[in-house]
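Novice: Just so you know, the sequences run in chain order S and R.
Numbered according to our numbering, the first sequence spans residues 4 to 296.
Numbered according to our numbering, the second sequence spans residues 706 to 838.
Fair warning: there could be bad hints in the mix.
[Unchecked claim] A few chain S residues that face chain R, going by a derived Cβ cut-off under 7 Å, partial list only:
| id | residue |
| --- | --- |
| 1 | 55 |
| 2 | 59 |
| 3 | 70 |
| 4 | 135 |
| 5 | 136 |
| 6 | 274 |
[Claimed, not checked] Here are the simulated EDC-like cross-link-like pairs (lysine to aspartate or glutamate), alpha carbons at most 16 Å apart as the crow flies:
| id | chain 1 | residue 1 | chain 2 | residue 2 |
| --- | --- | --- | --- | --- |
| 7 | R | 822 | S | 285 |
| 8 | S | 118 | S | 79 |
| 9 | R | 709 | R | 760 |
| 10 | R | 831 | R | 799 |
| 11 | R | 709 | R | 806 |
| 12 | R | 822 | S | 79 |
No lab work stands behind these hints, which were simulated from the structure alone.
By construction, the Cβ of each residue, glycine as well, lies at the ideal position given by its N, Cα and C atoms.
Here's the letter readout for the chains.
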Amino acid sequence: MANLKILKERISSVASTQKITSAMKMVAASKLRRAQEQAEAARPFSERMSQVMASVAGGMPKSDDMPKLLAGTGKDDTYLIVLATSERGLCGGFNANLVRAARSKIQDLQGEGKKVSLLCIGKKGRDMLGRDFSNLIIDTIDMSAIRRIAFSDATPISDRVMSMFDAGDFDVCLMFYSHFKSVMEQIVTEHQLIPVAVADDGASALEDGGTYDAEPGEMEILADLLPRNLAIQVFHGLLENAASEQGARMTAMDSATRNASDMIDGLTLTYNRARQAAITTELIEIIAGAEAV
Amino acid sequence: MAEKIAYELVSPERLLRSGEADMVVVPGTEGDFGVLPGHAPVISTVRPGVLEIHDGNAEADQIFIAGGICEVSADRCTVLADEAVPVVDMDRADLEQRLKDAEEDLADAKTDEAAHKASIAAALLKDMLQVAR
């Protein structure tokens, strides 16, 4: 009979796990909708921003006094990698994929003899990379208190990156985040923040081939535009990442829920069989006993 | 005037407003400028101030923007604003309260960073108060 009891306990434990996973799935689905709306609402700005960037940068003559944010320091010896991950687990391969991409990039760069430092957004990335690269991680930015990512959450990060760049701590800055393609598909994306990757095809943004007048001047505009652009890129990455996280969690929890119900079915079948076997044995015993009398 | 200019007002978080108008007045860093259809292409930085959208004979729409970038081409005007609030939605009493709070924050800021933040907020609120009715 002990066997039956154990089976029954397992069934109820799987059932309560299923309740949790299906609740998490629902929560992720509703958070996903919000995150997705936010990510989509933010797209026009970053698109316009890159257009403006391209037209200002494209219209400028190449010169030595170009802002360093745009032209780079002329070296690529030290790298800063900004890795955006989630604060919580239970979202399938979401963090693992990001960390894997970042890790292989770090190893490649180190293989080429470059110096790498790491800035983690979200504690999962730090936890996972801390084992191998704990000496590279300069800081972790905690996002756990933030429920809805606002632009003002992205600016401290970009300010930080800016001040490190101004101090000459690195030459190239890469950001890793997950691009939200669909609920089922999130693409790990490597985006170069500094020097700014401008779609430089040499052509003017204007149809008639003219160039823009700049007011006050191109340099002043670039000085204002570049830090702003950096903040936007970070913000955009964070939003995409948040949407991806919820998408990944929803998918993972959906399959966990389904898995649990498969398991419950299997266990119930075993349980019923065992119960019937027990009944049969009892009957045989009773009949055998009756015959013996 | 038959021709109109397409305008877009975008904040980092969303597309705030878009449409067509007869004229858009942008508070540029070097002075306000009006954008009519066929304007020469310009990129300008924007100071905190009021963006006016004139369309037809109706009263102009006034929107406070807290700085940003403006891109103008012959048939469209795109304003990338850091923050935007329609002037009609601004409440003088509320702003005064917020300004007071910001000044208090500034007074008892412990770190340079906090003081810097509070002073930016206070300056912005002062700008907003100037245009609020």
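Novice: Look at each hint and say if it fits the structure.
Specialist: Outcome of the hint check:
Interface hint at residue 55 (chain S): satisfied, since its Cβ lies 5 Å from the closest Cβ of chain R, which is below the 7 Å cut-off. A distance limit of 7 Å between C-beta atoms decides the matter here; for residue 59 (chain S) the minimum to chain R is near 6 Å, and the interface restraint holds. Taken as an interface hint, residue 70 (chain S) does not check out: its beta carbon lies about 14 Å from the nearest beta carbon of chain R, beyond 7 Å. Interface hint status for residue 135 (chain S): violated, as the beta-carbon distance to the closest one in chain R is roughly 32 Å, over 7 Å.
The beta carbon of residue 136 (chain S) comes no nearer than 28 Å to any beta carbon in chain R, farther than 7 Å, and the hint placing it at the interface is violated. Evaluation of the residue 274 (chain S) hint against chain R yields a violated restraint, the C-beta minimum of about 53 Å exceeding 7 Å. About 80 Å separates the Cα atoms of residue 822 (chain R) and residue 285 (chain S), which puts this hinted pair outside 16 Å; it is violated. Simply put, residue 118 (chain S) and residue 79 (chain S) have alpha-carbon atoms about 9 Å apart, close enough for the 16 Å limit, and the pair holds.
Distance hint between residue 709 (chain R) and residue 760 (chain R) is fulfilled; the C-alpha atoms sit about 9 Å from each other, no more than 16 Å. For the proposed pair residue 831 (chain R) and residue 799 (chain R), the alpha carbon gap of about 12 Å is at most 16 Å, so the pair holds. About 43 Å separates the Cα atoms of residue 709 (chain R) and residue 806 (chain R), which puts this hinted pair outside 16 Å; it is violated. For the suggested pair residue 822 (chain R) and residue 79 (chain S), the alpha carbons sit about 33 Å apart, so the restraint of at most 16 Å is broken.
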